[in-house]
Amino acid sequence: MADVIEAGAARENAPPPAAPTRRRGATERGNRTTPYLFLAPYLILFGVFGLAPILFGVWISLHQWDLQLPNRPFVGLGNYRDLFSSDSAIYGDWWSSVRATGTFTLFSVPLLVVIPLGLALLLNRSFPGRTFFRAAFFAPYVLGVAVIGLLWRFLLDANLGLVNRLLGVVGLPSDTPWVTDVPWAWISLVGVTVWWTCGFNAVIYLAGLQDIPAELYEAAKVDGAGAWDRFRHVTIPGLRPVMLFVFTTTILASANVFGQAFLITQGAPGEQTRTVVWRIVDEGLRDYDAGRAAAMSVFFALMLAVVSVVNFRLFRYRED
Amino acid sequence: MIQNEMSRRRLLGLGLGLGAAATMTLSGCGGGSSSDSSGASGNGGKDYTGPKVDLKLWNGFTGGDGDIFKALVQQFNSEHQNIAVSVITYQWEDYYSKLPGAVSSGNGPDIAVMHMDQLATFAARGTITELDDVAKTLELSEGDFAPTVWKGGLYNDKRYGIPLDMHPLGFYYNKAVMQKAGLDPEKPPTTRDEYTAALTELKKSGVQGFWVSPFQFTGGMTFYSLLHQWGGTLFDAEVAKATFNSDPAVEACTWLVDLIKQGHSPANVGQDADYLAFKSGKNAFNWNGIWQISDLKKSSNVQWGVAPLPQIGSQQAAWANSHNFTIVKQRSANANKTAGAKVFINWLSQHSLDWAKGGQVPARKAVRESSEFKGLTEVNALAPELEYAAFPPAAPGLGETMLTFYSAFNEAALGKKSPKQALDDGVAKANKQLEDNRKKYGN
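Protein sequence lines, in the order shown, are assigned to chains A and B.
The opening residue of the first sequence carries number 0 in numbering that gives the first Met the number 0; numbering runs sequentially from there.
The opening residue of the second sequence carries number 0 in numbering that gives the first Met the number 0; numbering runs sequentially from there.
Since the hints were made in silico from the structure, they are not lab data.
Please note: incorrect hints may appear among the correct ones.
[As the list claims (entries may be wrong)] To spell it out: a stretch of chain B is covered by chain A in this simulated footprint if at least three of its residues, at any positions, have a beta carbon under 8 Å from a beta carbon of chain A; those stretches are:
hint: 1; segment: 69–82
hint: 2; segment: 122–133
hint: 3; segment: 311–321
[To be verified] So these bits of chain A aren't anywhere near chain B, every CB distance computed over 12 Å:
hint: 4; residue: L42
hint: 5; residue: V57
hint: 6; residue: L66
hint: 7; residue: A88
hint: 8; residue: F153
hint: 9; residue: L155
hint: 10; residue: L171
hint: 11; residue: V181
hint: 12; residue: G266
hint: 13; residue: G269
hint: 14; residue: V276
hint: 15; residue: L284
[Claimed, not checked] If you want the footprint, here are the derived chain A segments under chain B, 3+ residues with CB under 8 Å:
hint: 16; segment: 158–166
hint: 17; segment: 172–179
hint: 18; segment: 286–297
It should be emphasised that the depicted structure is a prediction, and the values quoted were computed from it without experimental measurement.
Where a beta carbon is used, it is the ideal one built from N, C-alpha and C, also for glycine.
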């Protein structure tokens, strides 16, 4: 990569017949520092606010770390061991929160990938009121989690909420415990999240759709491809980079779910809908055990890294 | 759990209970004199004549009472040329998570308002300083307060908090609904028999009278109160073992859960649904915090009354917590600031009644017995609960354990487990958490 750029730059800069070695040396020196100068602002910010905290977090995770207790004993991998040892006080809670986050991610990601795609395909056609619908589907996304959380908590309340009331009106069961029992709580959380965030992914898809050259569709039509074939052989391959982005960011966003559960189900029933991020916050900021919270975070980040790598592999595989 | 509780805007009232009893004498300690540099002792808050100090005060009063609080601080500032107190308000939830970081980086407050059940944690972690000398100088002793509140300010036999108020769970009754069911709206039930009889009458008129919330707010606090009414406790005396699966606890929990089975409460009551149903006349009784008084006063269409919790078990008891003033330990001690902070705490004690007007029961006996306080009908109605209030124990790091307690109740109230099973499981987990705390805080 570096060679290609170098060669290209040298070719542009150097007058063809001039002595190549000296010239080349000069530009090389320029090339070495220039990219780093451009990168410097980012690298500094990343170093200070990204890399350093990550390394510090790993360091903390090896200690029993409380901001205010005078001694912060080194415990090695003890905090990590606690996550896997059924004797520890946090073992049960931790894995229950992993299960909760896993459940949510498993059900929300497919919906958040597929529904916005359908939405984008619809909104990409020209029909009257298209701008209005584009705005309408995107609108919930601008609301904060506190707003949508409180809103839906009241709408979904089993005894007083509008949802059960309406279901009763059309003759369906009107006592569904939407926020206090599983699987209903999961249906609520996933449903609310899809309603809340699908507009964002739809906008990304829309941008991607508009990048697919119209000639490709025309050519496919000429070749006799039907709508489904055009979708499969033109739209999907054209959207592949966008889909990789949507997939990855959606998985990461879903894995970070916290506010919805905190506000809507409040972890109920018991602690079954208490998610990983919530658990980490509690451990670090309620119990002030930053060591354990850091260990949880590091472990969770590694899990997500693995998922992301697999995700990238899958998309690359398809490309081959 | 308490962070959760305190994050609520409605838990705002601040009744200052210090009382006006302390006599003010002008025994000045000259600015920069040796008595100042002797540290936190000073003269314990009677007076401050040193150089001007700026004090930061953190609290969590985010609602209407925050304004009362700020107004009083302003008055204090105008009366004290050499002390300037600035108020910083956070949601309680943010407050408790921000405090440790702020203090350890040297950006913490000088004075902090803190709940009684947080005192032990912050004392054990060295965030707040001892205040025995303040109590001594102001001549405050157990006799001036309800003993439970006064003792709650202690950790390892040292005083860390000066109690201001207490906020208990109260018994709210909807007069209109009672009347419709043929009950006397001026005679709310006070015993178990009266209570179940009233619920039966209400059921006959088609009202599920008492909604059992599975959440900490307020079902968990209701169960907490009942467990103590049955004579149980959450923990043993040393807070070494959880005991909320004892026979009395299981009985109390069963009584509550059975109300759902008997149709006095719907199943799956959501957060706040019990209170909303109360306000809209869908149920008759709600056990809720004293902080709802100001909200109900604003709801002119609701005919309501408030009384101490009925006695369902073998003795009276009610969940309660209390606000305390604390002085935060600084990286580099400044005796002038500490002395100024003590003067501030003392001054507020002179204005204790103003705080009571904010809607909380003053901890201070003299104020509770004053005729002005008796004029605050609703708040005064809950004052008797102070004598038997069940305050959380003074042990550091109980936050997660209390959450376990409330989660166990949640599972029982939602019918996921039998009361016995839910409480047994909760206790097993809580015991591990208590053991972790012992290792961490070394007690």
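Cross-check of the supplied hints:
1. 69–82: violated (count 0)
2. 122–133: holds (count 3)
3. 311–321: violated (count 0)
4. L42: holds, 26 Å
5. V57: Holds, because the least Cβ-Cβ distance between A:V57 and chain B comes to about 19 Å, which exceeds 12 Å.
6. L66: violated, 5 Å
7. A88: Per Cβ check, A:A88 is inside 12 Å of chain B; nearest 4 Å; violated.
8. F153: Its Cβ does come within 12 Å of chain B, the nearest being 8 Å, so this is violated.
9. L155: violated, 8 Å
10. L171: holds, 16 Å
11. V181: Contrary to the label, A:V181 does not stay out of reach of chain B, its closest Cβ about 9 Å off (not over 12 Å).
12. G266: The claim breaks: A:G266 does not keep its Cβ more than 12 Å from every Cβ of chain B (closest is about 7 Å).
13. G269: The assertion about A:G269 is violated, with a minimum of 4 Å to chain B.
14. V276: The claim stands: A:V276 keeps its Cβ more than 12 Å from every Cβ of chain B (closest is about 14 Å).
15. L284: Given a closest Cβ separation of 4 Å, the condition is violated.
16. 158–166: Held - the segment 158–166 of chain A has 3 residues with a Cβ nearer than 8 Å to chain B, which meets the minimum of three.
17. 172–179: n = 4 at 8 Å, threshold three: holds.
18. 286–297: Holds: 3 residues of the segment 286–297 of chain A have a Cβ under 8 Å from chain B.
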